[in-house]
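**Q** Okay, here's what each chain looks like letter by letter:
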Amino acid sequence: MEQKFDIKEGLQFEGSSFSPTRETIWEFCEASLDYNPLHWDDKYMESNFGKTNFGGIIMHGMSNFSLITRMMTDWALPLGGTHRRLETRWKSPVKPGDTITPTGVVKMVKKTEKANWVVVAVTVKNQEDKLVAEGEAMVEFLDS
Amino acid sequence: MEYKYDTDFWAGNTARKIWDDIVPGAPRETIPYTLTQDSIYKLCKATGDMNPLYIDEEYAKTTKWGGIIAPPSIHVLLMFSCTPNDDWMRSPGTINAGQSWSYNVPARPGDVITLQARALDKFIKGNRLFAVHDNVFFNQNDEVICSGRGWTIRPM
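So the protein sequences, as listed, match chains A and B. Under the numbering used here, the first residue of the first sequence carries the number 2, and numbering increases by one thereafter. Under the numbering used here, the first residue of the second sequence carries the number 19, and numbering increases by one thereafter.
So here's chain B without its partners, still in its complex pose (with noise of 0.2 Å):
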């Protein structure tokens, strides 16, 4: 089936999860995603981050990995592309309190990956509403690429 990507995020927001429906421990739905060349240098070029271990594959092939590899932040692009259009990290007004993300094998074009998500926690702080993100990203290999987590302010 194809997916299409919606990039009006207030389009379907109704259909997303609000705070008090957000369930502590309950899987997130997620969509497997095959990375590409393109995407990366993407990335890269947003941040102005051009070194050419992610972008020149000439390069690349001279070191230890012995090919392009993506950035290790490249898990900001794969949660919007793992996930579908009702995922609650969509909400419009959504605000990143703080994340931490722990790197394992990097991610590379071609690659097929794989999200295991959740909702971690959710809590009241200075009357504001939090919810806690928990997400695992995998490649073809069952290998994990990277794990974090973040806190989002949730809209009110």
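So here's chain A without its partners, still in its complex pose (with noise of 0.2 Å):
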């Protein structure tokens, strides 16, 4: 399906919201075989690490990851355009009960030889709008 690229920068989109429980941050070690006790081990956590105590289990920044891919590719997939990279940063951890949302901004539309990129900066936050994570995405659309 031909597509005319049509993307300007400053346009805005928003991905599926997640809410991990226990249950969900559990299946998330088993599907993904990261058995951190950061995850899963409530003694484990209630020790420091430096100067910070987490409070209790945190779920994987992986599956946060995963959240924002899932958002490019939801968001880039129907107009034609390919996911092809993301670089995160961790801000806060996210912990059950919380609800996440990633957010994307179109940074930068950028035409190579052979396609259009788009740079896309990319925020998560939590039910308190508090910024959990922050990266930037990058999606080509091929020339036709």
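Just so you know, these hints were derived from the structure itself, not from any lab. Among the hints, a few may not be true.
[Stated by the list, open to error] Chain B stretches covered by chain A per the calculated footprint, using a threshold of three residues with CB under 8 Å from any CB of chain A:
| no. | segment |
| --- | --- |
| 1 | 57-65 |
| 2 | 112-118 |
[As the list claims (entries may be wrong)] Result set (EDC-like, lysine to aspartate or glutamate): computed pairs, CA atoms no more than 20 Å apart in a straight line:
| no. | chain 1 | residue 1 | chain 2 | residue 2 |
| --- | --- | --- | --- | --- |
| 3 | B | K63 | A | E24 |
| 4 | B | K60 | A | E24 |
| 5 | B | K140 | A | E88 |
| 6 | B | K63 | A | D99 |
| 7 | B | K82 | A | D75 |
| 8 | B | K82 | A | E141 |
| 9 | B | K63 | A | E28 |
Source: prediction; values computed, not measured. All C-beta atoms, glycine included, are put in the ideal place defined by N, C-alpha and C.
Grab the two chains, each in its own frame, and use the hints to assemble them into the complex.
**A** Here it is, written out as structure tokens:
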């Protein structure tokens, strides 16, 4: 299906929200094989990590990463684009009971010899509008 | 040789490299892994990403990929599937500070996936010990699936 490329800087879009629970975090342990006790061991999470105490188990950062890649594909694919890159920094831990929502804003459109590349600024916020992750994604729209 | 995945990350922890022993540039041992449709489904379900492209073969056949593909974030599973129990990414208390990944061809069910991995860098910042892991996943046709690196805070 051929589509005319028409994406401008400043365009915003939102991804699906996700509400982790202890059960979904454990499910992610099993699906990703990442059984780090940060994600399931209450006793272990009573301890301090340097100056930080998380006050309980935390969701995998890569669960958040998956939520962002999902948003990028859900947005790009129907427009004829392919999600090609994601870079993230985790700003604040996500815990059971939180609800997180990713948002993208088109920062730049760069025409190369073979494609249009769209650079998207990504943020993920929790139910209190607190920033939990930020980063940058790239989507490729190949010339037809 | 049959490889047994140990879900207890404390077991064998003393065999894992601590920050002091991580050598930037040194390769990490890796293991080939055959991706299954079931593994893809489990990861999609755990992240709530039920795009039919990843789970519905009949639908996926009608797309340009001609069959089910894995979501880009499949490297989350591949990272642990393609490394042995003594890989330092499993050290309990390893904190993920951020990652960057580039995607090339999608992974598919039945792919035999190999990993080339190393510690790329280590540094001290804000009184914390950081190590950077660097990874490239290939399919059985030597095509790059994805490449990425991650910044980890090491347990002390």
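**Q** Just pull the numbers of the violated hints for me, sorted ascending.
**A** none
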